Amino acid sequence: MRPTPAPDPPLPEADELSEPFWEGCREHRLCIQRCDACGHWRHYPRPSCPKCLSLDFSWTEVSGHGTLASWVVAHPPVLPYFADKVPLPVVLVELDEASHLRLVGGLREADAATLEIGMRREVVFEDVTED
Amino acid sequence: MARDAAIAGIGQTEFAKSIARPEQRLAVEAALAALADAGLTPAHVDGMVRFDMETTEEVQLQRALGIPNLRFFASTGYGGGGGCGTVALAQAAIVSGQAEVVLAWRARKRGSGGRPWARAGHRVPGEKQWYVPFGLVRPVDQVAILARRMMHEVGVTEEMLGAVAVQIRRHANRNPHAVMRDRKMDLADYLASRHVSEPLRVPDCCLETDGALAVVVTTLERARDLRHTPAVVAAAQMGTGVECVNMTNYHGADLLAGPGAAVAPHLYRMAGIGPEDIDCAQLYDAFTPLVLQSLEDYGFCGRGEAGPFCAEGNLSADGGALPTCTSGGGLSEAYVHGYNLILEGVRQVRGDSVNQVDACEHVLVTSGNAVPTSALVLRRDR
Numbered sequence: 117m118r119p120t121p122a123p124d125p126p127l128p129e130a131d132e133l134s135e136p137f138w139e140g141c142r143e144h145r146l147c148i149q150r151c152d153a154c155g156h157w158r159h160y161p162r163p164s165c166p167k168c169l170s171l172d173f174s175w176t177e178v179s180g181h182g183t184l185a186s187w188v189v190a191h192p193p194v195l196p197y198f199a200d201k202v203p204l205p206v207v208l209v210e211l212d213e214a215s216h217l218r219l220v221g222g223l224r225e226a227d228a229a230t231l232e233i234g235m236r237r238e239v240v241f242e243d244v245t246e247d
Numbered sequence: 004m005a006r007d008a009a010i011a012g013i014g015q016t017e018f019a020k021s022i023a024r025p026e027q028r029l030a031v032e033a034a035l036a037a038l039a040d041a042g043l044t045p046a047h048v049d050g051m052v053r054f055d056m057e058t059t060e061e062v063q064l065q066r067a068l069g070i071p072n073l074r075f076f077a078s079t080g081y082g083g084g085g086g087c088g089t090v091a092l093a094q095a096a097i098v099s100g101q102a103e104v105v106l107a108w109r110a111r112k113r114g115s116g117g118r119p120w121a122r123a124g125h126r127v128p129g130e131k132q133w134y135v136p137f138g139l140v141r142p143v144d145q146v147a148i149l150a151r152r153m154m155h156e157v158g159v160t161e162e163m164l165g166a167v168a169v170q171i172r173r174h175a176n177r178n179p180h181a182v183m184r185d186r187k188m189d190l191a192d193y194l195a196s197r198h199v200s201e202p203l204r205v206p207d208c209c210l211e212t213d214g215a216l217a218v219v220v221t222t223l224e225r226a227r228d229l230r231h232t233p234a235v236v237a238a239a240q241m242g243t244g245v246e247c248v249n250m251t252n253y254h255g256a257d258l259l260a261g262p263g264a265a266v267a268p269h270l271y272r273m274a275g276i277g278p279e280d281i282d283c284a285q286l287y288d289a290f291t292p293l294v295l296q297s298l299e300d301y302g303f304c305g306r307g308e309a310g311p312f313c314a315e316g317n318l319s320a321d322g323g324a325l326p327t328c329t330s331g332g333g334l335s336e337a338y339v340h341g342y343n344l345i346l347e348g349v350r351q352v353r354g355d356s357v358n359q360v361d362a363c364e365h366v367l368v369t370s371g372n373a374v375p376t377s378a379l380v381l382r383r384d385r
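Taken in order, these protein sequences are the chains called R and W. So the first sequence is numbered by the working numbering: it starts at 117 and just counts up by one. So the second sequence is numbered by the working numbering: it starts at 4 and just counts up by one.
Hints were generated in silico from the structure; no laboratory data involved. Only a predicted model underlies this, so the values are computations on that prediction, with no experimental measurement involved. All residues carry an ideal CB built from backbone N, CA and C; glycine is no exception. Check the hints yourself; a few may be wrong.
If the Cβ cut is set under 8 Å, some of the chain R residues that face chain W in the computed set are [as the list claims (entries may be wrong)]: (1) D124; (2) L127; (3) V188; (4) T230; (5) I233.
If you only want the chain R side, here are some residues facing chain W, beta carbon under 7 Å, derived [as the list claims (entries may be wrong)]: (6) A122; (7) P126; (8) S186; (9) H216.
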């Protein structure tokens, strides 16, 4: 009998607006849209600044440091890719650059028992596939 | 002179984990039941409103019912946020004169038809690209983020969430149409149940149901000549709030507020009443934390007060301060994107709910509060 192939991970499908974010991740750099005119940070990506309406912005690398805003621990049933990873902690982290910059992520050291809202976190990148 | 709109007819199929009949047939059955309830026929219908997720299209239902022409057709987006929005669009059509009799409905085989989240492919497009790849896949995971934050910021406990699930189950136990009519649950049962996404457990989550429901909306003047006490649409309102993201509304300044907080002031202003005038509430209860959030968003409780409010028994139809989800809601009657909440709102103002609230004049009905949302105030016609 052939072994069952490991299930594919669900991967982000980059689009016109998000491609630079994922390109940054490939280079292990966390980049967020920042308005060139007023300096406002924004996530999700969008064409214009919601504060000053400028269309000019730069993908700006952030420190990758932040605090834990919330987390969950997923139990079955889950997608096949996550089936051997449950109980699976998933976190919401507020980046230091602005409190409204909140990103969902996984945990490198998957021990939910040590999590506390407000604790410091640092982004690390994990290459899931070759691209 | 501006016209008022009213819900004149309601209809539904049975609710079950699995119904073999085609989904379109369920839509037809609910539509015919609602028209019969109003004392109207398909020939009277000149408008239709549906959810954009609905697989039955207006023209399919029109062809099935032999309706000669639809003068108005529209749909509401954002899944369960759009339920009350269908009535809002029907009201807009009627008040503006674009239609006289509007049929609005939801038919869904969510029980037997599979879980939408399980269909995520290898590449995740759109907004989901920001969270599904990291394991925040299911609606329960997305709401559990809110639940944990509530526990941290305002001290919500598992027992408070459990009180919501237990009280709504008690309402369902008296409803012969409820999927959970025979399944009793107390707080000990709740606390012994397994986690799906910590801190949320199985009974924090809505059912997975096959079924269909429909309403007939017409002018108040015409509704007064029909079979039942009209449920006047005293106010209908949609809303998003700031920086709204579907199901992962984590990007505003206030993590605990939902889009309902933006709906409520407009809704009450249009209805000419305040939360203190609401006699019972049918709050969208896909997950228990959304009930706590809606109690605060719609002004029944201050920040952090909703949990204790529920734990003190205030959601009970037997003397609670705000009887809530009196048919059993999405948690224990049926989960059909909250459409059963609208029908229960109508029954309460008519006076024929199985958990009837005394002298019920105003009912608040809300739709999904983790997405762009909508709400109604229904008023008993004087």
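Going through the hints against the structure:
1. D124: Holds - the Cβ of R/D124 comes within 8 Å of chain W, reaching about 4 Å at its closest.
2. L127: Where the cut-off is 8 Å and the nearest Cβ of chain W is about 6 Å from R/L127, the hint holds.
3. V188: holds, 4 Å
4. T230: Since the shortest Cβ distance to chain W is 14 Å, the answer is violated.
5. I233: Interface hint status for R/I233: holds (4 Å vs cutoff 8 Å).
6. A122: Cβ of R/A122 sits 12 Å from chain W, so the hint is violated.
7. P126: Status holds, d = 5 Å.
8. S186: holds, 4 Å
9. H216: holds, 6 Å
Violated hints, in rising order: 4 and 6; the structure is consistent with all others.
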